[in-house]
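Asks: Protein chains in written order, with the UniProt record's numbering: chain A, 1 to 203; chain B, 1 to 203.
The reader is advised that the hints may include incorrect statements.
For identical chains, the list gives no copy identity; a pair is met inside one copy or between any two copies.
Claimed, not checked - Pairs of lysine-lysine residues, derived as DSBU-like cross-links and limited to a Cα-Cα distance of at most 30 Å, are as follows:
hint : residue 1 : residue 2
1    : 171       : 66
2    : 7         : 158
3    : 66        : 158
4    : 158       : 116
5    : 66        : 104
6    : 66        : 7
7    : 7         : 171
8    : 158       : 171
9    : 104       : 158
10   : 171       : 104
11   : 104       : 120
12   : 116       : 7
13   : 158       : 120
14   : 116       : 104
15   : 116       : 66
Treat the hints as calculated values from the structure; they're not laboratory data.
2 protein chains.
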Amino acid sequence: MILRIVKDEGPITGEQIAERLSLTRATLRPDLAILTMSGYLDARPRVGYFYSGKTGSQLLGEHFRKLMVRDYKSVPAVCQEETSVYDAICTMFLEDVGTLFVVKEGGILTGVISRKDLLKSSMGSQDLQNIPVGVVMSRMPNIVSCHLDESLLDAAAKLIRNQVDSLPVVKEREESDHFEVVGRISKTTITRVFVEMGLGKSV
Amino acid sequence: MILRIVKDEGPITGEQIAERLSLTRATLRPDLAILTMSGYLDARPRVGYFYSGKTGSQLLGEHFRKLMVRDYKSVPAVCQEETSVYDAICTMFLEDVGTLFVVKEGGILTGVISRKDLLKSSMGSQDLQNIPVGVVMSRMPNIVSCHLDESLLDAAAKLIRNQVDSLPVVKEREESDHFEVVGRISKTTITRVFVEMGLGKSV
Numbered sequence: 001m002i003l004r005i006v007k008d009e010g011p012i013t014g015e016q017i018a019e020r021l022s023l024t025r026a027t028l029r030p031d032l033a034i035l036t037m038s039g040y041l042d043a044r045p046r047v048g049y050f051y052s053g054k055t056g057s058q059l060l061g062e063h064f065r066k067l068m069v070r071d072y073k074s075v076p077a078v079c080q081e082e083t084s085v086y087d088a089i090c091t092m093f094l095e096d097v098g099t100l101f102v103v104k105e106g107g108i109l110t111g112v113i114s115r116k117d118l119l120k121s122s123m124g125s126q127d128l129q130n131i132p133v134g135v136v137m138s139r140m141p142n143i144v145s146c147h148l149d150e151s152l153l154d155a156a157a158k159l160i161r162n163q164v165d166s167l168p169v170v171k172e173r174e175e176s177d178h179f180e181v182v183g184r185i186s187k188t189t190i191t192r193v194f195v196e197m198g199l200g201k202s203v
Numbered sequence: 001m002i003l004r005i006v007k008d009e010g011p012i013t014g015e016q017i018a019e020r021l022s023l024t025r026a027t028l029r030p031d032l033a034i035l036t037m038s039g040y041l042d043a044r045p046r047v048g049y050f051y052s053g054k055t056g057s058q059l060l061g062e063h064f065r066k067l068m069v070r071d072y073k074s075v076p077a078v079c080q081e082e083t084s085v086y087d088a089i090c091t092m093f094l095e096d097v098g099t100l101f102v103v104k105e106g107g108i109l110t111g112v113i114s115r116k117d118l119l120k121s122s123m124g125s126q127d128l129q130n131i132p133v134g135v136v137m138s139r140m141p142n143i144v145s146c147h148l149d150e151s152l153l154d155a156a157a158k159l160i161r162n163q164v165d166s167l168p169v170v171k172e173r174e175e176s177d178h179f180e181v182v183g184r185i186s187k188t189t190i191t192r193v194f195v196e197m198g199l200g201k202s203v
C-alpha cells in the first residue's frame, strides 16, 4: 500500500503517507526504512519519498552489473592464419576449448575459428592438413569482442545476441586500430559464474 | 553491531539487544525489521532473534534455487544410433545445436553425441557416411542428465562439473528403468537466463 501511495502521489512525506493510512509516523518508520534500504523507494531530505521505479528483479540486476570481464576472463587459446585446420583441431582438443583466436605478431587479433567452423570444413573431402585456418575463419572486423572494463552481463548479452560460444577480450593498441587478445569469455565462464552466484560463492 | 551481538549471544530478545547498545527497543525496531526482512536474522516469538547464518550471497542463491529446469528447457535435437556421422553433423547444423541426443523407439535415451565427438571422428580418414553414430557416441548409463523438477542451478553445476555443453532433460518411465528425453538444458540456456536476470526480465 505504501508503494502504491508513493507511486501515485510521490514525492510525498512520511507524515503524509502516515495520514493516508491512518497510522502514526512512528508506526510507519520501519516499513519506510525497509522500502528505502532495499531500493524500492528513494528518499530526499525536505522533499519526501518517491518511487525508484525499480522492481526486485532490477535490483538483482544491479548486482550483476558489478561483475566485470576483467575479473572473470580466462586464458585465450590461439593459433595463426597459416596453421592447418588439422593442427587447429588438435590445439582445440589439447587446450580443451571450443574456440581459437587467430592472431598475428604481438597477439593482434585477425580472426576467430570455432568448433562449428572446423566441423564444417572437415566435412569436405579435402586434406585437413593442407587447408590453412585463414581460409575458414571469421575475419576482422566482423568479430564480436569485449573489453576488460565491460560488465560480464554485457559480454553474456553479446554471446546470446551474436550466437557465438566465446568472445575474445581485447585491448586497443594506442598506436593503431589493432586489438590485442588478452583473454576469453565463453558460455562456460557465464555458466560457472551462475553456479558460483547460486551457491553464494561470488558477488 | 546488531548482527555481531546476535551471532555471539542469540537467541536474544530485542529488549536485550537494545540494552547491549544502550538504546531503546523503539529506536532499534526499524533495524531489526530490516535485518529480519532481508533474511540475515530469524525471529521466533517468545524466543528472540537468532542469526540465520546467511550472507548476502546466500540470500541471492535462494533466488536462483527457484528457477526450475521445467520452465527453461528447450526442445531436444535427436538422432538414432544407426544415423551416419555425416548425417548427424548435418542435423546439428540444421537444428543449430552443439549436442544431439541419441534415442530409440519412444524417445528413450541411449546416448549423447557432441560437436567435439563428431570433430574427433571426422579427423580420421574414414568415410563419415559409413560410420554410425552408435560407434562414437557416449552411451547410457554414462550420461549425465537432469529432471524437470530439478533447479536450473543444479543443472548448471552438472554442466560445469562434468565438462559438457548440454544435458538431456529426462523423465523416468514407470514400467522400466528407461529414460525418455523431454528437453535440453545447455550452457546457452544458462547464459540466456543470466542475461535475463541481469536485465531484470526474469526471477
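Asks: Next, verify each hint and record whether it holds.
Replies: For each hint, the structure was consulted:
1. In this assembly of identical chains, the alpha carbons of residue 171 and residue 66 lie at most 30 Å apart only when taken from the same copy (20 Å versus 38 Å across copies).
2. In this assembly of identical chains, the alpha carbons of residue 7 and residue 158 never lie at most 30 Å apart, being 34 Å within a copy and 43 Å across copies at closest.
3. With identical chains, the CA atoms of residue 66 and residue 158 are at most 30 Å apart both within one copy (17 Å) and between copies (26 Å).
4. In this assembly of identical chains, the alpha carbons of residue 158 and residue 116 lie at most 30 Å apart whether taken from the same copy (18 Å) or from different copies (23 Å).
5. For the homomeric pair residue 66 and residue 104, neither the shortest alpha-carbon distance inside one copy (33 Å) nor that between copies (47 Å) is at most 30 Å.
6. Taking the shortest Cα distances, residue 66 and residue 7 sit within 30 Å of each other both inside one copy (28 Å) and across copies (28 Å).
7. In the homo-oligomer, the alpha carbons of residue 7 and residue 171 never lie at most 30 Å apart, since the shortest distance is 44 Å inside one protomer and 46 Å across protomers.
8. Taking CA atoms no more than 30 Å apart as the test, residue 158 paired with residue 171 passes inside one copy only; the shortest distance there is 17 Å, against 33 Å between copies.
9. Taking the shortest Cα distances, residue 104 and residue 158 sit within 30 Å of each other inside one copy (24 Å), while across copies they are farther apart (37 Å).
10. For the homomeric pair residue 171 and residue 104, the shortest alpha-carbon distance inside one copy (15 Å) is at most 30 Å, but the shortest distance between copies (50 Å) is not.
11. Within a single copy, residue 104 and residue 120 get their C-alpha atoms as close as 24 Å, and across copies as close as 27 Å, so both meet the 30 Å cut-off.
12. Taking the shortest alpha-carbon separations for residue 116 and residue 7, neither the intra-copy value of 50 Å nor the inter-copy value of 54 Å comes in at or below 30 Å.
13. For the homomeric pair residue 158 and residue 120, the shortest alpha-carbon distances inside one copy (23 Å) and between copies (29 Å) are both at most 30 Å.
14. Taking identical chains as interchangeable, the C-alpha atoms of residue 116 and residue 104 lie at most 30 Å apart whether they share a chain (22 Å) or sit on different chains (26 Å).
15. Proximity of residue 116 to residue 66 under the C-alpha cut-off of 30 Å is found in neither arrangement, the shortest distances being 32 Å within a copy and 34 Å between copies.
The structure fails hints 2, 5, 7, 12, 15 (numbered hints given earlier, in ascending order).
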